[in-house]
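Novice: Construct all of the structure, not just a fragment, from the sequences and the given hints.
Spelled out from the first residue to the last, the chains are:
2 protein chains.
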Amino acid sequence: MSSSGLLEDLIESLRCLPGVGPKSAQRIALHLLKRDRKAARQLGATLVAAMDNIKHCEQCRLFTEAELCRWCSDPARHSTQLCIVENPADVLAIDRATDYRGKYFLLLGHLSPLDGIGPKDLGLDLLDSRLREGGVEEITLATNSTVEGQATARYIVDLAAAYKIPVMQIARGIPVGSELEFADSGTLSVAFSQRTPLSD
Amino acid sequence: MSSSGLLEDLIESLRCLPGVGPKSAQRIALHLLKRDRKAARQLGATLVAAMDNIKHCEQCRLFTEAELCRWCSDPARHSTQLCIVENPADVLAIDRATDYRGKYFLLLGHLSPLDGIGPKDLGLDLLDSRLREGGVEEITLATNSTVEGQATARYIVDLAAAYKIPVMQIARGIPVGSELEFADSGTLSVAFSQRTPLSD
Chain X
1 MSSSGLLEDL IESLRCLPGV GPKSAQRIAL HLLKRDRKAA RQLGATLVAA
51 MDNIKHCEQC RLFTEAELCR WCSDPARHST QLCIVENPAD VLAIDRATDY
101 RGKYFLLLGH LSPLDGIGPK DLGLDLLDSR LREGGVEEIT LATNSTVEGQ
151 ATARYIVDLA AAYKIPVMQI ARGIPVGSEL EFADSGTLSV AFSQRTPLSD
Chain D
201 MSSSGLLEDL IESLRCLPGV GPKSAQRIAL HLLKRDRKAA RQLGATLVAA
251 MDNIKHCEQC RLFTEAELCR WCSDPARHST QLCIVENPAD VLAIDRATDY
301 RGKYFLLLGH LSPLDGIGPK DLGLDLLDSR LREGGVEEIT LATNSTVEGQ
351 ATARYIVDLA AAYKIPVMQI ARGIPVGSEL EFADSGTLSV AFSQRTPLSD
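Taken in sequence, the protein lines are chains X and D.
Going letter by letter, the first sequence gives residues 1 to 200 in our numbering.
Going letter by letter, the second sequence gives residues 201 to 400 in our numbering.
None of these hints come from the bench; they were simulated from the model.
For every residue, glycine included, the Cβ atom is placed at its ideal position computed from N, Cα and C.
All clues stand as given, with none of them false.
Residues of chain X clear of chain D, computed beta-carbon distances all greater than 12 angstroms:
1. L114
2. D128
3. V147
4. P166
5. L198
Heads up, simulated DSBU-like pairs for lysine-lysine below, C-alpha to C-alpha not over 30 angstroms straight-line:
6. K55(X) x K38(X)
7. K255(D) x K34(X)
8. K255(D) x K23(X)
9. K55(X) x K120(X)
10. K223(D) x K38(X)
Specialist: Here is the structure:
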């Protein structure tokens, strides 16, 4: 492409982006050089600053530049309620869709012994000491509805039982607005067995 | 996602990548923070270095860190032959597939008056002065087989005619290994009218 080791370095470096192979990396590098050098330089500086300065909130493990994240440092949020999620994006989604006003705790993944991901990697030791301190009166589990998510949920239920803290799980069932015909049998089975009363 | 303006900056900056919208940008940012901070920091530094140091070769407009690119500074390549291409990737493709050993000239696009892309944006003034200097004995046009590519080719033919330099164009026709049934009528028409003798 050029005599430039730097261009080849750039193409190689771009491959750390998820889903970017050698051909896409080349296309992105040439696009940025041809059309958008200013934005690319800005992206470079922001990447370095973000990777150096963004760490985990000491209480809930969300990404933050400060010691405590926006949620943990918000006095208007109830510390008695704790919602446990797998991913940072889940926090945003719950905030947008619900009127939940408690705190969060972030696992950043799920238990997966085959991949070497144990309780410590999910910060479950941190959660343990937080529950031991007291103050949390109810836990809401919003882990993903996958086998690994359920296994992680099971572990947390056991953890909370030691401190006699009740654990709720967000409801599984037919998605709102969808038709029964298209629901898979697992979802339909859960939805049927957990039917809720409609008449007063 | 966090109290971090930096994380939002990062998500916003990532949108300069081609094909990356707000959702992908968020996914990429969280992926890098979670899984690959070292590579992301490296990418950031490389982006800044590349945008600051990679410029165009003074002779052929390829990307390079030096004044002349690898091809222009290679004494083993014949300066009498000049191959004109639209994109940097085309140079690599021709080098890989053919035994062409001349020099290149890069347009970095094609004539497109509606988008405000005129001869000067394609470096055709640079090409003009190079042809005026003399030394080039044959031009091979390898612009894309599109309407804009053909219009650009036409312009270069006129330019070269002023210096009486012959211009060749790479052959249009049925792709090797493909079946007639699947060729579009434009390709088939060109391939038929430019049939070449097989018998000696």
